[in-house]
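J.: Next come the chains, spelled out residue by residue.
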Amino acid sequence: MQRDTLESAPDAAADWPDQIYDLLKQHGIRQVALVPDAGHARLIRRCLADNDMQVVTLTTEEEGIAMLFGAWLGGEKGVLLMQSSGVGNCINMLSVPIAHRTPCPMIVTMRGEFGEFNPFQVPMGNATGAVLEAMGTLVKRADTPADIAPTVDATLRLAFNTFRPTATLIGQRVIGAKTFGK
Amino acid sequence: MSLDAIELGKSGRLERRSVVRALLAERGDMLAIGGLGAPAWDITAAGDSPLNLPLWGGMGGAAMMGLGLALAQPSRRVLVITGDGEMLMGIGSLATIATKQPRNLSVVVLDNEHYGETGMQETATRHGVDLAGMARAAGITDARRVDKPDEVLALRDAIRGGAGPLFAQVKIDDASLPLVLPPREASILQARMREAILGPAAHLQ
Numbered sequence: 012m013q014r015d016t017l018e019s020a021p022d023a024a025a026d027w028p029d030q031i032y033d034l035l036k037q038h039g040i041r042q043v044a045l046v047p048d049a050g051h052a053r054l055i056r057r058c059l060a061d062n063d064m065q066v067v068t069l070t071t072e073e074e075g076i077a078m079l080f081g082a083w084l085g086g087e088k089g090v091l092l093m094q095s096s097g098v099g100n101c102i103n104m105l106s107v108p109i110a111h112r113t114p115c116p117m118i119v120t121m122r123g124e125f126g127e128f129n130p131f132q133v134p135m136g137n138a139t140g141a142v143l144e145a146m147g148t149l150v151k152r153a154d155t156p157a158d159i160a161p162t163v164d165a166t167l168r169l170a171f172n173t174f175r176p177t178a179t180l181i182g183q184r185v186i187g188a189k190t191f192g193k
Numbered sequence: 041m042s043l044d045a046i047e048l049g050k051s052g053r054l055e056r057r058s059v060v061r062a063l064l065a066e067r068g069d070m071l072a073i074g075g076l077g078a079p080a081w082d083i084t085a086a087g088d089s090p091l092n093l094p095l096w097g098g099m100g101g102a103a104m105m106g107l108g109l110a111l112a113q114p115s116r117r118v119l120v121i122t123g124d125g126e127m128l129m130g131i132g133s134l135a136t137i138a139t140k141q142p143r144n145l146s147v148v149v150l151d152n153e154h155y156g157e158t159g160m161q162e163t164a165t166r167h168g169v170d171l172a173g174m175a176r177a178a179g180i181t182d183a184r185r186v187d188k189p190d191e192v193l194a195l196r197d198a199i200r201g202g203a204g205p206l207f208a209q210v211k212i213d214d215a216s217l218p219l220v221l222p223p224r225e226a227s228i229l230q231a232r233m234r235e236a237i238l239g240p241a242a243h244l245q
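Order-wise, the sequence lines are chains A and B. Each number in our numbering corresponds to the 1-based position in the first sequence with 11 added. Each number in our numbering corresponds to the 1-based position in the second sequence with 40 added.
Only chain B is shown next, with the shape it has when bound in the complex:
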């Protein structure tokens, strides 16, 4: 993947959908959870898949869902892509995840410093809260801030090859993009992912 694939928004910050496309391109059997709001639309825009679990609710729970999934499927990569507001609501889960040190779990926060779905009100990161620093202090050793295209590519490689847990705070442009909605019936979303992981036996467990 070339640097040209990573775009910048009008603010000069990273364009969120090009970041997500890069992280999910040629993903193999990597599982992805998209946090409530724009990250769920972003993973869908990158290509809806049974390997995606876009969330329509459960604000604050995305990272912990990633932990449960990563513990259940230790041989697969699990990537949680969520927003700064969603992560802040479940910020304690960074401590919980750090205590388990799951090698196959990555949590990527797309940080536009606003609550995008509700009218662009400011989040705490707008006022300088350092999510990567909080993750590192919790005990997630590889906790990085990502501002530039080459850092996105390095993150992509780290998610695929490195030893987790990994946390990234990706500073993104705050433009609101057209909705790309996944299926809204959540029982289908979970059943299709379970079948993708477990095969038809998923429905007989």
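Isolated chain A (complex conformation):
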């Protein structure tokens, strides 16, 4: 088995990661906080190559919720990239943007749904939307490549226009299902 088959990653020809990057630029995003996910690998590379973006690799996703709050205090816009398991690490820290009424956009690549191979990805993947909504986050899903850019655009607009945590969940069916030969 190839290592890369353990992770869901989009087809190399898929251009929706570039569309997300373009949206981050259009919205003036300057701070990109992330814990890597294979589904975000191409977007992360684009951000790393951009000298006008501060890319911060976190030790745990909740750091990103706090960092985006600090960025907004200083007048900069940020975004948090992570996979669905990482959402579980953010729960209490979401009280920060909620209580302060500050923007907190998240772009989440889903695991634990279509074609998942790893049992540990399923519990949080199955709960991601419900957990975020339970914590007052506006959650939108994108399950086709064509849906991703408009959904991410809405997530960024809702965050920065209405001052709250928002999330786009990018379905695993878009990112790539795994069969592992089974």
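Since the hints were derived computationally from the structure, they do not count as laboratory data. Hints should not be assumed to be uniformly reliable.
As the list claims (entries may be wrong) - Residues of chain A clear of chain B, computed beta-carbon distances all greater than 10 Å:
no., residue
1, A24
2, Q30
3, V107
4, Q132
What the hints assert, rightly or not - Listed next, the stretches of chain A that the computed footprint assigns to chain B, with coverage defined by at least 3 CB atoms under 8 Å from CB atoms of chain B:
no., stretch
5, 31-37
6, 178-187
The C-beta atom is built at its ideal place from N, Cα and C for all residues, glycine as well.
Put chain B on the given structure of chain A with help from the hints.
T.: Structure of chain B alone, referenced to chain A:
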């Protein structure tokens, strides 16, 4: 500032509010984030200000908020003042901060070796955990332990003039002091700091 301004508690360790007063006196436009619990009351006791962001929650997040703010405002000094319990909960952020090496960020931990707001239960530092050593090992070169009044004054100078990132573990007396509470409506706390930094345009961003 004279050494007399730095007081000692009954234990002989530094008195927390005199430390915080010294760090924030004549602060100019330095921004301060006060971690959940006593450090938030301490920065308020030193003089509530739009340049202060006292935290009522988000335990473990103070240092990372400082990083986001320091990256957004590279020409301003950003001082995070937090407690040992709060820092321990977000201890990984020392690694994250070290990777970015923000020159304008200082993180000061007021270490009383206890969870002060919940009944003075012991934290890991009570058992010898060396926060300054952890920060230094993460890659924050100027990571110091502060025990004496003259070291507080040296820290004060380093925060103002030195090249960050800077980390300090300040060993303090564990007395619980009278509450001095900041506003509790957090939307006001963030909006007033944003306006202090960005002017009225903050509210039109």
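J.: Now look at each hint and say whether the structure bears it out.
T.: Outcome of the hint check:
1. Separation of A24/A from chain B is adequate, the least Cβ-Cβ distance of about 32 Å exceeding the 10 Å criterion.
2. Every CB of chain B is more than 10 Å from the CB of Q30/A (nearest about 24 Å), matching its label as outside the interface.
3. Non-interface status of V107/A relative to chain B is broken: a Cβ of that chain comes within 10 Å, the nearest being about 4 Å off.
4. Interface exclusion of Q132/A from chain B stands, the closest Cβ pair being 22 Å apart, more than 10 Å.
5. Three residues within the 8 Å Cβ limit are the bar, and the stretch 31-37 of chain A against chain B gives 0, so the coverage statement is violated.
6. Proximity of the stretch 178-187 of chain A to chain B, defined as three or more residues with a beta carbon under 8 Å from a beta carbon of that chain, is not established by the 0 residues found.
The earlier numbered hints that this structure contradicts are 3, 5, 6.
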